[in-house]
Amino acid sequence: MYDLLIKGGRVIDPANQLDDRVDIAVAAGKIAAIATDIPQEQAKQVFDAVDKLVTPGLTDIHIHAAEHEDTDNVHPDTVGIKMGVTTVVDTGSAGIIGFPGYRKLVEQSCKTRVYFIPVTSLVYEFVGNFIALKVGADISPENFSLKKTQALYEKHKDVIVGFKCIPPKVRESDTESIPLTQSKQITRAIGVPLTVHLGWVPYRPWLETQRVMEQLDAGDIATHIFRRKGSILDANQQVFPEVFAAQDRGVRFDIGHGNGNFNFEVAKRAIDQGIRPFTISTDLMDRNSIMGPVFSLAETMTKFLYLGFSLYEVVEMVTYHAALAINKSDELGSFSVGRVADLSILDYRQGNWKLSDGINTVVWDGPKLIPQFTVAAGELIQCEFPDNSFRKEELAASH
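Mapping to our numbering: the sequence shown position 27 is 40, numbers consecutive.
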């Protein structure tokens, strides 16, 4: 007898080249069967997924977790299981010294699966005023240590899936960034990918995008790929050759939407010239992001439907590709019998939708992805929405 049967939904699982109407049965928190017309009598609970989209549990590889009065972060469940996302990655909220305590803070009373990408700086904490950058700790070579970073990784490698670097310069005329140089030495030695923040940083000049791209290896992640300040486009709105070269050698381009890290016009121009994001992520942190312009991973996915990607491609970027990016594709990002039963169930609703990048608002006359239920390790959980009157009115007017 199955514990749960998800019946009649459109199942998209790019890792297994699946886009069809099939049933998925769950038992003991694992996927027990994937087939057409599994009898309802074989399950204790049946969920009617007709007219719903069913995917492997969505993964958001860039958020800031640990809701606390001293940070701009959010509780993982708020942007995780309550919004149709089964796995999140806290990317860049803590440095090496502060990470153990930060991990404890994040993991308490949390149902969403959380992985971490700490910053390579020994001393770093993501707070509203970017204090580490303000006092210059980020540009000091003494703030980096392979020995201490290696020790941290060995102790916490069950949850650490890489490290992050924010690459400021000391002077505008500099052609390299101390944090990036140090971070690449560290991650190459440990053998994990480096996620690099592209473009604008507070208080200091930032390393030009083309210089960043030159230093990245296959498997590294360049996040905020479609931002406006520190764009991948030159003065003539052409993608820098170094960006194409990085894409060709396997550098993975991530969205990291956030409040100011995504721009429709940059995205359109870059996509038209051949740039393909590998993963879609939100960079969700404070209530400003949750209440707009980001809202959720599903909303961000909808923006890429607007930009011309197919539903299959969009799902791939937040399931299989996301799992590849954090080296968890043997556990997450696809449906296989015996794997943990993580699923996302979404509406695929036609309407006339307003979508914002934080500066520009576009109107999308097409389908919108709206999270309805999350299945986390076999538990069926109804999604919740932020208390936003505009969003409620818009949903009510859809069809």
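Hints in this document: simulated from the structure, not taken from any laboratory.
Some clues are possibly wrong.
Think about it this way: if two alpha-carbon atoms lie no more than 27 Å apart in a straight line, the pair counts; the simulated BS3-like pairs of lysine-lysine are [to be verified]: (1) LYS281 - LYS367; (2) LYS117 - LYS341; (3) LYS65 - LYS117; (4) LYS170 - LYS117; (5) LYS341 - LYS197; (6) LYS161 - LYS65; (7) LYS281 - LYS242; (8) LYS161 - LYS117; (9) LYS43 - LYS65; (10) LYS341 - LYS161; (11) LYS168 - LYS117; (12) LYS160 - LYS124; (13) LYS242 - LYS367; (14) LYS43 - LYS341; (15) LYS65 - LYS367; (16) LYS124 - LYS43; (17) LYS197 - LYS242; (18) LYS124 - LYS168; (19) LYS124 - LYS367; (20) LYS341 - LYS160; (21) LYS197 - LYS161; (22) LYS160 - LYS170; (23) LYS341 - LYS367; (24) LYS170 - LYS57; (25) LYS43 - LYS161; (26) LYS57 - LYS43; (27) LYS197 - LYS160.
Label-pair distances were calculated between CB atoms; the ranges are [claimed, not checked]: (28) THR188 - GLN163: 23 to 33 Å; (29) GLN223 - ASP360: 36 to 46 Å; (30) MET304 - GLN198: 34 to 44 Å; (31) ARG184 - ASN365: 16 to 26 Å; (32) ARG201 - ASP360: 22 to 32 Å; (33) ASP64 - GLN223: 27 to 37 Å; (34) TYR216 - PRO154: 13 to 23 Å.
This one's a predicted model, so the numbers in the text were calculated from it and none came from an experiment.
Heads up, the beta-carbon is just placed ideally off N, CA and C, and yes, glycines get one too.
Verification of the hints:
1. LYS281 - LYS367: holds, 17 Å
2. LYS117 - LYS341: Distance ~22 Å between LYS117 and LYS341 Cα, so the pair holds.
3. LYS65 - LYS117: Violated. LYS65 to LYS117 sits at ~36 Å, over the 27 Å cutoff.
4. LYS170 - LYS117: holds, 15 Å
5. LYS341 - LYS197: holds, 22 Å
6. LYS161 - LYS65: violated, 48 Å
7. LYS281 - LYS242: holds, 16 Å
8. LYS161 - LYS117: holds, 19 Å
9. LYS43 - LYS65: holds, 21 Å
10. LYS341 - LYS161: holds, 24 Å
11. LYS168 - LYS117: Holds. LYS168 to LYS117 sits at ~14 Å (cutoff 27 Å).
12. LYS160 - LYS124: Given pair LYS160, LYS124 is violated - Cα atoms ~33 Å apart, limit 27 Å.
13. LYS242 - LYS367: Holds - the C-alpha atoms of LYS367 and LYS242 are around 23 Å apart, at most 27 Å.
14. LYS43 - LYS341: The given pair, whose Cα atoms are some 17 Å apart, holds under the 27 Å limit.
15. LYS65 - LYS367: holds, 22 Å
16. LYS124 - LYS43: holds, 16 Å
17. LYS197 - LYS242: holds, 23 Å
18. LYS124 - LYS168: Distance ~22 Å between LYS124 and LYS168 Cα, so the pair holds.
19. LYS124 - LYS367: Between LYS124 and LYS367 the Cα gap is close to 31 Å, so the pair fails against 27 Å, i.e. violated.
20. LYS341 - LYS160: This hinted pair holds, its Cα atoms lying about 25 Å apart.
21. LYS197 - LYS161: holds, 15 Å
22. LYS160 - LYS170: holds, 15 Å
23. LYS341 - LYS367: Violated, at roughly 34 Å.
24. LYS170 - LYS57: Since the Cα atoms of LYS170 and LYS57 sit roughly 37 Å apart, the hinted pair is violated (cutoff 27 Å).
25. LYS43 - LYS161: violated, 37 Å
26. LYS57 - LYS43: holds, 15 Å
27. LYS197 - LYS160: The given pair, whose Cα atoms are some 14 Å apart, holds under the 27 Å limit.
28. THR188 - GLN163: 23 to 33 Å: Holds, at about 29 Å.
29. GLN223 - ASP360: 36 to 46 Å: holds, 41 Å
30. MET304 - GLN198: 34 to 44 Å: The hinted range 34 to 44 Å holds for MET304 and GLN198, with Cβ atoms some 40 Å apart.
31. ARG184 - ASN365: 16 to 26 Å: violated, 49 Å
32. ARG201 - ASP360: 22 to 32 Å: Check failed, 44 Å falls outside 22 to 32 Å.
33. ASP64 - GLN223: 27 to 37 Å: Violated: the Cβ-Cβ distance is about 46 Å, outside 27 to 37 Å.
34. TYR216 - PRO154: 13 to 23 Å: holds, 18 Å
When the structure is compared with the earlier hints, violations turn up for hints 3, 6, 12, 19, 23, 24, 25, 31, 32 and 33 and for no others.
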